[in-house]
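Asker: Chains as they are written, first to last, in this note's numbering: chain A, 1 to 331; chain B, 1001 to 1296; chain C, 2001 to 2313.
Simulated from the structure, these hints should not be mistaken for lab results. Heads up, a few of these hints could be off.
Okay, derived cross-link-like pairs now, SDA-like style, lysine to any residue, Cα gap no bigger than 25 Å in a straight line [stated by the list, open to error]:
#1 C:Lys2108 <-> A:Val317
#2 C:Lys2183 <-> C:Arg2213
#3 C:Lys2105 <-> A:Arg244
#4 B:Lys1198 <-> B:Phe1185
#5 C:Lys2245 <-> C:Ala2232
#6 A:Lys131 <-> B:Phe1185
One side only, chain A facing chain C, incomplete, derived with CB under 7 Å [claimed, not checked]:
#7 Gly159
#8 Val162
#9 Val163
#10 Asp223
#11 Phe243
#12 Thr322
Using N, Cα and C, we set each Cβ at its ideal position, and we do this for glycine too.
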Amino acid sequence: MRQYFGRKLLVYGLTFFVAVTINWMVPRFMPGDPVSSMVARAGVSNPGAVETMRTYYTNLFGFDQPLWKQYANFWAALLQGDFGISIWVFPTPVSEVIMGAVPYTLGLMIPSVLLSWVVGNWAGAFAARRKLLDNTVLPVGYVLTAMPYMWLAVLLAWGLGVVAGIFPVAGGYSFSLQPSLSWEFVADLLHHWVLPFLSLFLVALGGWAIGMRNMIIYELESDYSNYLSALGAPQRLIRRYAFRNAVLPQITGLALQLGVLVAGALVTEIVFSYPGLGSLILKAIQNQDFFLLQGTFMFIVLGVLIANFIIDIVYVVVDPRTRAGMAGAQA
Amino acid sequence: MTAIQETPAKDAGAGVRREALYFALRNGKLLAGFGVVAVLFLLGFAGPLVLEAADPNAYGSQPMAPPSGEHWFGTTTFGQDVFAQFVHGLRTTFVVGALGGGIAAVIAMAVGFTAGYRGGLVDEILNMVTNIVLVIPTLAVLLIINAYLGVRSVPAQALFIGLTSWPWAARAIRAQTFSLRTRDFVALARLSGSSTRKIILREIAPNMSSYLFMMFILLFGGSILIASSLDFIGLGPTEGVSLGLMLQNANQWSAMQLGLWWWFLPPGAGITAVVGALYVANVGLDEVFNPKLRET
Amino acid sequence: MSLRVSELRVYYRTLKGDVKALDDVSFTMRDGEILGLAGESGCGKTTLGKSLIRLDGRMRHMGGTVELDGRELPIGDDRRMNEFRFHEVSLIPQYSMSAMNPTRKIGKMVGELLRSRGVTLDRAELESRLDLVELPRTVLGNYPIELSGGMKQRMVMVISTLLNPSLLIADEVTSALDVSTQKAVAKALTGFRDAGFVKSMIFVTHDLALTSRIADTIMVMYAGRLAEKAPAGVMVTAPRHPYTKLLINSLPEVGVRYADKKLAGIAGSPPSLLDPPAGCRFRDRCPLAGDECAQEPPVAEVEPGHFVACWKA
């Protein structure tokens, strides 16, 4: 067990290291001077302010120091939780801006990812059972997985929001309300949450359903299924075993899909102007706010690594073989 | 012994290929999938030539016009012809898919074959690298890189997509190579003194060619989807048109609120059609190459 | 008579046509008999074994009957066949190494399997049988992955015979094992018969040497048909069919297995079962073939209990 988690943690640690290094390298080695482009595009007209900003950024990047020192400083700042100051909402610290957006992204992603995983697996297992269902679930699944996240979001926003007028199509809550813990605000929050949630949920659904269907069919053709059939075991028992065993690779699949799911959430938020990390990224790009962009990048990487580790733990709990193998290895 | 075994093996190979072709021509999914891809491909490559419109982004005199005989897919807020943008965008989509998917496939094969064939420490190291690239959220990395790139081109976009989307394919190739490595014909080639490179290219790769082809198709579709997301966030190519950029423009200029459905429907439908048709064709290919699936 | 198979025909449906894997096979088995079923791969021995318990998706029952203890087995009817499976006919599959659900503890799986067949698990009986095959009782709390190959094999043997079936089909059970484990498995199988856990047994194998040591009777098949069936001793010392003779002569040292693909000692290969030629199917490879072999030879009882399908025998 220790070896398994040790290995995983090593990969995650290295990944974090690589991510930080990319984050540090990109502004320094890409063509162009980020400081002047930032200052120029920040749109500040007061010459005094421009000079202050230039000095500030140059210091922040530490361009006057040797490279290794710049790198060390970068890590030191990072470990203190210092991601710099946002330009878009100058002078709020980047970490503060991000923390304001993270709850929205998590509130959108966690339910949609988990629900689409559960419902998709269920639909796939169901499809594997009947030819007729298979012929409907499969094509729908393929269309859904082939859809770009933002397009489905646009379709839903247009159909259910603009045309039907059932749901709002922009923002995390109505502009007329102030965030508070009142029923009115929570209801409004949920109302705004439905469409982005639905679109994330639907796009991911297809992939899980197809994956589950294929895995179940594979399991139903496996040796243990054949043996049980030969001994006259009812289909009910065989399917139960097959489903359970087919779920395991789907858990691994969830870990592998995290990057794609995050990307999907980002673009979906942009469509709905939902105040999460996706909209933050858009604002950062539009305002050339590189610190905000880089901070968001670090947060996303951290989030994905943590989610991966949680999935690893779940996998060990669910798959007895990992535990049995580990016990054997330890003894 | 080698002489006796080799002849039937080669005959069997030709037979399998003939049989595969036989089933390929009778596989509805494969034909429909590739049919749709072929039509869109022709549209993307012949369309811009036929249309003669030099610049699909050129502003026109009839803004916000619905689809008509003159503007098949209507026009944007700026009077740009959506159909002209669509066919140019399709072309970009195919270029990104082919380039991005191709680069990813080459890296995946290099890593997968080497790791699977050499094993040992090389495998350990490559495996670690693969895992790291696999875990890191691709789009986030692409965001950072593209944001700092002042001028963004389609090939550069495809290059970075290719550089980040190979890990799963490398893993799959590694596993396949691993199982082929111990087969007789590979051992024979090794005994007869062939170099590693030669063994991989002549013995191992051809034995999983169908698999590699299917993998390329998936990488192709994946690249298109990633590129469209990048475009949509505003990090698409700075010049030209792509389906993702069309969606971005439509979103940015409130096409939805203005009721310009012809602006945002075609680009999304185009991406979905290309990627979906590729996936369906892939299922068909799987049935052709995998006799077990064929029987049902 | 424990088992009576009459004129059994089972074909494989393929796109190119029916493969006549089992073409008019008849034989009988006594209570307590162990029948060794041998032949090259593709001769129909595995098809015969499967036919008696569960046809796979592409197999079709085309004719003939199977009678077990006086009751006809509905082998072509998957659903009606279910009541016989496990209770009356059971199977030790070729793939014992992967026959158990990898994510269930073995004891739990056995319990669930039995309950699904309407039987409550007799823990004491199960444990005594584990003792018999020298498996520690703790295996019931293990996952299959924690067992060695030989242990898995024995565990599957115990599971398959738990309901004391009348007929047990052991399909190539020794082919994945090393020589010493093979012997242990063979010994355990005869032990099961002697203890009355199974009435009779069909031991499907391509290993004639091993078969001759545990089987009472040996049946050799060729190209979907019965070639010769005789008591084990007679078969090894005085075979009558030219094919069997060649087969026995090509036998390697005891315990050394020949390749499953083709017998080194006999030139040529069996005919395609897609469209088998008329007459004796061994004709093209037979050193004794004559004109009468263009006619199909009937299965004749040349001595009591010794059946041969050859004009020259």
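Asker: Give a verdict on every hint.
Answerer: Here is what the structure says about each hint:
| no. | hint | result |
| --- | --- | --- |
| 1 | C:Lys2108 <-> A:Val317 | holds, 18 Å |
| 2 | C:Lys2183 <-> C:Arg2213 | holds, 10 Å |
| 3 | C:Lys2105 <-> A:Arg244 | holds, 14 Å |
| 4 | B:Lys1198 <-> B:Phe1185 | holds, 13 Å |
| 5 | C:Lys2245 <-> C:Ala2232 | holds, 14 Å |
| 6 | A:Lys131 <-> B:Phe1185 | violated, 40 Å |
| 7 | Gly159 | violated, 43 Å |
| 8 | Val162 | violated, 49 Å |
| 9 | Val163 | violated, 48 Å |
| 10 | Asp223 | holds, 4 Å |
| 11 | Phe243 | violated, 11 Å |
| 12 | Thr322 | violated, 10 Å |
Hint check: violations occur at hints 6, 7, 8, 9, 11, 12; the rest are consistent with the structure.
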